[in-house]
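Asker: Listed below are the residues making up each chain.
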Amino acid sequence: MSSYLTEGPTLRQWLTTTDHKKVAILYAIAITLFFFIGGAAAVIIRLELATPQGDLVPAQTYNELFTAHGVIMVWFFLIPSIPSVLGNFLIPLMIGARDLAFPRLNLASWYIYLIGGVGTLWGMLLGGVDTGWTFYTPFSTMFSNSHVIIVVLSVFFTGFSSILTGLNFIVTIHRLRAPGLTWFKLPLFVWAHYATSIILVLATPVLAMTMVLIVIERLFQVGIFDPALGGDPLLFQHLFWFYSHPAVYIMVLPAMGVVSEIIPTFARRKIFGYRFMAYAIMGIALLGFLVWGHHMFTSGMSMYAGMTFSLLSFFVAVPSAIKVFNWTATLYKGSITFDAPMLYALGFIGLFTIGGLTGLFLAALALDVHLTHTYFVVAHFHYIMVGGAVAAYLGGIHFWWPKVTGRMYPEMWARVAAAMLFFGFNLTFFPQYLLGYEGMPRRYHSYAPEYQLLNVLSSAGASILAIGYLLPLCYLAWSLFYGRHAPSNPWEGRGLEWKTLSPPPVENFSNPVVVHSHVHEVAGEGAA
Amino acid sequence: MSLTTIDDAGRLETVRLGMWAFLASELMFFGPLLLGWAYGRISMPDGFAWASRQTDLWLGTLNTAILLSSSAAMALAVQLSALQLKRQVGRCLLACAALGVVFLLIKFYEWHREWAEHLFPGPDFAGPAHTGAPYFFVVYFSATFLHAIHLTIGIGVTLTMWRRVHKSLGPLPQPALHAAGLYWHFVDVVWVALFPMLYLVERTP
Ligand SMILES: [Cu+2]
Numbered sequence: 001m002s003s004y005l006t007e008g009p010t011l012r013q014w015l016t017t018t019d020h021k022k023v024a025i026l027y028a029i030a031i032t033l034f035f036f037i038g039g040a041a042a043v044i045i046r047l048e049l050a051t052p053q054g055d056l057v058p059a060q061t062y063n064e065l066f067t068a069h070g071v072i073m074v075w076f077f078l079i080p081s082i083p084s085v086l087g088n089f090l091i092p093l094m095i096g097a098r099d100l101a102f103p104r105l106n107l108a109s110w111y112i113y114l115i116g117g118v119g120t121l122w123g124m125l126l127g128g129v130d131t132g133w134t135f136y137t138p139f140s141t142m143f144s145n146s147h148v149i150i151v152v153l154s155v156f157f158t159g160f161s162s163i164l165t166g167l168n169f170i171v172t173i174h175r176l177r178a179p180g181l182t183w184f185k186l187p188l189f190v191w192a193h194y195a196t197s198i199i200l201v202l203a204t205p206v207l208a209m210t211m212v213l214i215v216i217e218r219l220f221q222v223g224i225f226d227p228a229l230g231g232d233p234l235l236f237q238h239l240f241w242f243y244s245h246p247a248v249y250i251m252v253l254p255a256m257g258v259v260s261e262i263i264p265t266f267a268r269r270k271i272f273g274y275r276f277m278a279y280a281i282m283g284i285a286l287l288g289f290l291v292w293g294h295h296m297f298t299s300g301m302s303m304y305a306g307m308t309f310s311l312l313s314f315f316v317a318v319p320s321a322i323k324v325f326n327w328t329a330t331l332y333k334g335s336i337t338f339d340a341p342m343l344y345a346l347g348f349i350g351l352f353t354i355g356g357l358t359g360l361f362l363a364a365l366a367l368d369v370h371l372t373h374t375y376f377v378v379a380h381f382h383y384i385m386v387g388g389a390v391a392a393y394l395g396g397i398h399f400w401w402p403k404v405t406g407r408m409y410p411e412m413w414a415r416v417a418a419a420m421l422f423f424g425f426n427l428t429f430f431p432q433y434l435l436g437y438e439g440m441p442r443r444y445h446s447y448a449p450e451y452q453l454l455n456v457l458s459s460a461g462a463s464i465l466a467i468g469y470l471l472p473l474c475y476l477a478w479s480l481f482y483g484r485h486a487p488s489n490p491w492e493g494r495g496l497e498w499k500t501l502s503p504p505p506v507e508n509f510s511n512p513v514v515v516h517s518h519v520h521e522v523a524g525e526g527a528a
Numbered sequence: 001m002s003l004t005t006i007d008d009a010g011r012l013e014t015v016r017l018g019m020w021a022f023l024a025s026e027l028m029f030f031g032p033l034l035l036g037w038a039y040g041r042i043s044m045p046d047g048f049a050w051a052s053r054q055t056d057l058w059l060g061t062l063n064t065a066i067l068l069s070s071s072a073a074m075a076l077a078v079q080l081s082a083l084q085l086k087r088q089v090g091r092c093l094l095a096c097a098a099l100g101v102v103f104l105l106i107k108f109y110e111w112h113r114e115w116a117e118h119l120f121p122g123p124d125f126a127g128p129a130h131t132g133a134p135y136f137f138v139v140y141f142s143a144t145f146l147h148a149i150h151l152t153i154g155i156g157v158t159l160t161m162w163r164r165v166h167k168s169l170g171p172l173p174q175p176a177l178h179a180a181g182l183y184w185h186f187v188d189v190v191w192v193a194l195f196p197m198l199y200l201v202e203r204t205p
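So the sequence lines, in the order shown, correspond to chains A and B.
Under the UniProt record's numbering, the first residue of the first sequence is numbered 1, with each subsequent residue one higher.
Under the UniProt record's numbering, the first residue of the second sequence is numbered 1, with each subsequent residue one higher.
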C-alpha cells in the first residue's frame, strides 16, 4: 500500500488535497513561514532593547514591530500551531478514522488562514499597525494613522479558519471514533483538542464581531468604543479579552495534550490519573471563559467585579496543578529515557509551572496594580506561550516526526536544540520578570539606563533561543532526505497512530479499526 | 416510507451536528451586539429609548411575519424531503427564498427612509447627540445589516438547494437540506430576537 506522501505528488494535487494528513503539512509549512516572520520582528525588538537609547529604530517603527510580532505570533502561529498541524494529522489516526468529518472544509480552512495571513502581511508591508496586538480602542479606531482596517479584517477573516477547524474536530470526535473507542478510552491528546475546539467555536466569533465593530467605528466615525461619541472603551476590552483569555487555552490545552502523550511514552508508564486529566482539561476550558476580567483590573472595573475575576482566575490554577502533579506522578518510578521529545516535554512542565505561578501574581488584585503594563506581564505570557506552547509544539513535532515523514530525525542534534531552547528561553525571559518587578514598562523603545544589564542578558538569551529554533529547521529538513527510515512504532507508543505504517497509507489503516481495551493498553499491557 | 439507508442516516447526523456547532458559533458572533445593546440601554436609557421609538414598528412587524412564514416554508420543505416529494420540496424552497427577498426589499426601504430622516449617526444626526440616540442607531444599523448579510447567504443557499432538488435524479440530498433548513431557522431566530430589542421594548408605556 502506498503512503500518503507518494500518492498525488504534484503541487496541484497538494493544493487541492482533502487528505487531513496533507492539509496538516500545508499548515505546517505556512505556520513555519509566519513563525520566522514574527520571529524576525522579535529579533529587531531585542536588538533595539540592547541599549537604553532608542537608537536602532524610531518609536513609531518600534510600535509597528511589536504589533507585527504579536499579531503574527498569536493568530498566525500559536493559535493554529498544534491543532491545525498535529491535531489535523493525528486526531483521525488516534480515533481510527479515515479522515476528518468534513475534509473539504478542512482544506478551505487552510485557504482562509492563508488569505488572512497574506492580508496581514500586506498591511504590514503598506506601513504596518502601531496599536499593539490588542487593538485597544479608541486608539485603534480614532487616533492611529496606521493600516488598522486591513489587518483587523485579516484577523477577522482568519477567525473563520479557526472556527471551521474546531467544528471539524468536534464533529469528528463525536461521530467518527472507531467501534469500541468510548470517550474515556480517548487519548488525552484528543480530549485536549476536543476542549480546544469548543473554545475555538465559541470564543473566536466574539473576536470576529469585535473586529467588525472596530472597522465600523473607524470607517464611519461613529461611537461604539469611543467615549467622545457615546461609546465605551471598556466594552471593547471586555469583548476582546472574552476571546483573548480563552485564546491562551487554545494555545495551552493542545500543548498539554501533546505532553500527556510524550510523558507516559518515555516514562514507560500509563498516564497517572487519566480521568482526572480529562476532567481537568474540560475544567480549564470552562473556567477559561469566566476569567477575562483579570486583564482589566486597572481599567476602572468595579471592585466586586475585580474580586470575582481574581477569585475565578485563582480557580484555574486548580485543574492546571492537577495536570502538573499527574505528569510528575507518571514519571515516578518510570524507566525514563531522555529522547528529544521528552526533553521538550519536561521543559514544558517546568516553564509552564513558572508561567502559571507568576500568573497568580498577576491575578492577585493588589499585586497586579504594581505589575501590570510591565515586563513582568511580558515574561509571564511568554513562559506560557513560548515555554509552554512552542516547546510542546516542537516536542510533538519530534515525537510524531517518524510517523509523519517516515524518517527519524538526528537524535543528538535534537537534544542539543531542546537544551538550547530551554536555556535560551530562560535567559531571555527570566530577566524580564526582574525588569518588570523593578518597574520597567512594556512597549517602550527606550528605557532608563539602570535596566540595561538585564536587557542585555535578555537579548543574549534571545540569540541562543534563535539558534534553538533554526537548528531543528535545518536538521529536520536534512532528515527528510537522509534520515534513517522510521519503523511503525519507534517509541513503543501505545496510541492507535503507532499501529499503522510510517508514513501512514492514504486510508490511514489497512483494516477497519476496532478497540477492545484502553487505548493505552492496546499493546497488551494488561487491564487497568 | 423514507428511503434513507443506515449510512445516509449516519451522514445526516454528522452534517446536522456540524451545522449545530456552526450555529453555536454564529450565535456567539451576534453576542457582542447583544452586549453592546444591553450596555447602551442600561447606561444611556433616555436617548436610547428615544431612538428606538424612531424605528418603523409596522414595517418591522410585517418583516417579522414574512420571515416567520419563510421559516414555515423551509420547515415544510425539509419534512417533505423525507417523503421524496421532489416537486413540492422545490416549490417550498422557492417560496422560502422569495419571502427572504421580500424581507430584504422592505429592509432596504426602511434603511432608505431612516437615512433620509438623518437617523444614521454622524455630524447631521437628527436626534439628540451625546446621548444614547446615535449609539442606538450604530447598534441598529450594525445588527440589521449583519442580519441581512446572513439572510442573503441563506437565500443563496436555499436557491442552490432548489437547483439541486430540481436537477436531482436519485433520492433528495437530505443532509444538505437539513443543514440549509437549520441555517435558515437560525437567521429567523436572530431576527425574532432583534425585533423586540430594536422595535418593541422601549415602546411599552
Ligand atoms: Cu487572561
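Since the hints were made in silico from the structure, they are not lab data.
From a predicted model like this one, the values you see are computed outputs, not experimental measurements.
Do not rely on the hints blindly, as some may be mistaken.
Claimed, not checked - Computed footprint of chain B on chain A, listed as stretches where at least three residues anywhere in the stretch have a Cβ under 8 Å from a Cβ of chain B: (1) 159-171; (2) 198-208; (3) 224-238.
Every residue gets a Cβ at the ideal spot worked out from N, C-alpha and C, and that includes glycine.
Asker: Each of the hints needs a verdict: does it hold here or not?
Answerer: Hint-by-hint comparison with the structure:
no., hint, in the structure
1, 159-171, "holds (count 6)"
2, 198-208, "holds (count 7)"
3, 224-238, "holds (count 7)"
Hint compliance for this structure: every hint is met.
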